[in-house]
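Asker: With the hints as constraints, model all of the structure from the sequences given.
Chains as they are written, first to last, in the numbering used here: chain Y, 1 to 118; chain V, 1 to 152; chain W, 1 to 145.
Any given hint could turn out to be false.
In silico lysine-lysine, DSS-like type, Cα no more than 30 Å apart, as pairs [unchecked claim]:
| hint | chain 1 | residue 1 | chain 2 | residue 2 |
| --- | --- | --- | --- | --- |
| 1 | Y | Lys78 | W | Lys51 |
| 2 | W | Lys18 | Y | Lys78 |
| 3 | W | Lys18 | Y | Lys84 |
The set of hints was computed from the structure by calculation and includes no laboratory data.
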Amino acid sequence: MDYASAISKVIPGTFVPDLGAATKTSDAPNVGPIPGGTGSTDAAAGPSFKDTVKDLLSGVNDKLNTSDQLQRDLASGKTNDLGKVVTSVEEANLALNYAMAMRQKLLDAYSEISRMQV
Amino acid sequence: MADGLYSSIEVSATGLSAQRLAMDVIANNIANVNTTRTAEGGPFKRQLVVFAQKNETTGSTSLNPMDDSSDPGASRAGVDVVGIVKDQSPDKLIYDPSHPDADANGYVHMPNIEVVKEMVDMMAASRAYEANVTAIQETRLMGTSTLGLLRA
Amino acid sequence: MVVVMGEISFGSTVGMLKNAMDGASETHSVIANNVANVNTPNFRRSDVSFKEALAATEATAGDPNELALATTNDRHIPIGGAQDAQPFEITTTVDDSQQMRVDGSNVDVDQEMAKLSLNSAYGQTMGQLLQNSYTRIREAIQERF
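Answerer: Okay, structure coming up:
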């Protein structure tokens with residue numbers, strides 16, 4: 001699950017840049033019903049919203065851990081590849097920024113929904 | 001390559017040391033251009049420095065430039081001075097019977113040093129030294145510009 | 001960054017980067033001293049080593065395919081297996097090698113200047129990574145990204 005399909009599931013039609021996810025389940029945004037809210041137990045309905053968010057956060061966590069380990073290796077001399085370390089740090093930064101931006105979008109969406117008159 | 005971050009700086013350092021030694025030898029040659037007496041007898045003989053590629057994996061210096069070329073893992077650790085040898089070309093013979101060191105025929109054995117050639121060698125050593133300094137600066141510049149990615 | 005019972009811990013990466021900068025700063029002092037003594041008769045240059053100690057501050061899990069030596073006594077040397085984290089120590093050693101120089105000092109000024117340059121580049125790299133870590137933490141705290 002990558003960021004592109006994650007955010008497309010929440011806000012259909014949104015275009016998000018590809019941050020180099022290793023596996024992409026699909027390129028096209030999924031303009032379907034919001035998953036996990038219909039109460040359907042159909043397995044073909046796709047992963048739930050909770051799983052989407054969890055996958056996103058674990059992806060960010062992985063990037064942060066990789067970057068931390070590479071920085072420690074550089075400091076102790078186990079690796080000498082400065083380019084790899086710097087790019088991993090920058091990708092971790094971007095992933096974190098991206099996750100924070102999406103958190104903001106989710107909070108905004110939630111407060112907008114809760115303001116709706118039913 | 002030599003182990004460590006910015007390891008090419010160590011490689012350039014061997015170049016700096018080697019060129020400095022070459023300068024010392026050349027300066028010594030120029031200073032002794034007219035020396036007719038030495039401790040081992042005879043005139044001063046021109047000295048020259050022999051450089052060899054330093055190979056880090058074996059720790060030895062290789063005089064054969066084709067050595068280890070088949071082994072891609074062999075590391076290049078810079079230059080090493082193998083020795084300072086005497087130039088065996090013949091002495092210059094100057095006819096001067098009044099010189100205290102003139103031989104039976106009135107010829108004086110002078111050192112086989114051409115000052116002009118030594119000056120050229122000195123310029124070459126100086127340029128090589130500067131080139132090594134530039135290489136070190138460029139290595140640092142590469143690291144700094146890579147880190148510049150994190151700045152903005 | 002972890003906050004437990006009012007104590008803030010910034011994580012092992014930031015700690016290691018700080019130790020690396022300490023090591024680099026000590027190395028700088030020692031090399032500068034070597035350079036200052038390039039013409040001192042019979043001077044012996046010193047070296048600083050801290051990178052192995054830095055690597056040892058991380059506890060390693062050990063290779064599961066490797067058989068570690070059993071240590072039943074404090075004086076047994078542990079080889080293989082998991083290693084505990086060791087406190088960080090910077091060691092300075094004196095280089096006793098002889099140099100064929102008239103004044104007897106074994107300082108090669110070119111080597112020292114190159115070492116100085118290398119160490120400075122390393123210190124800058126660690127500083128830059130540390131600055132990035134702090135900035136990221138600050139962004140997360142202030143929720144400004």
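Asker: Can the restraint linking Lys18(W) and Lys84(Y) be considered satisfied, given a maximum Cα separation of 30 Å?
Answerer: 21 Å, holds
Asker: Run the distance test for Lys18(W) versus Lys78(Y): straight-line Cα separation, threshold 30 Å.
Answerer: Measuring from Cα to Cα gives roughly 17 Å; hence the hint holds.
Asker: What's the verdict on Lys78(Y) and Lys51(W), does the C-alpha distance respect the 30 Å limit or exceed it?
Answerer: Given pair Lys78(Y), Lys51(W) holds - Cα atoms ~9 Å apart, limit 30 Å.
Checked against the numbered hints above, the structure violates none of them.
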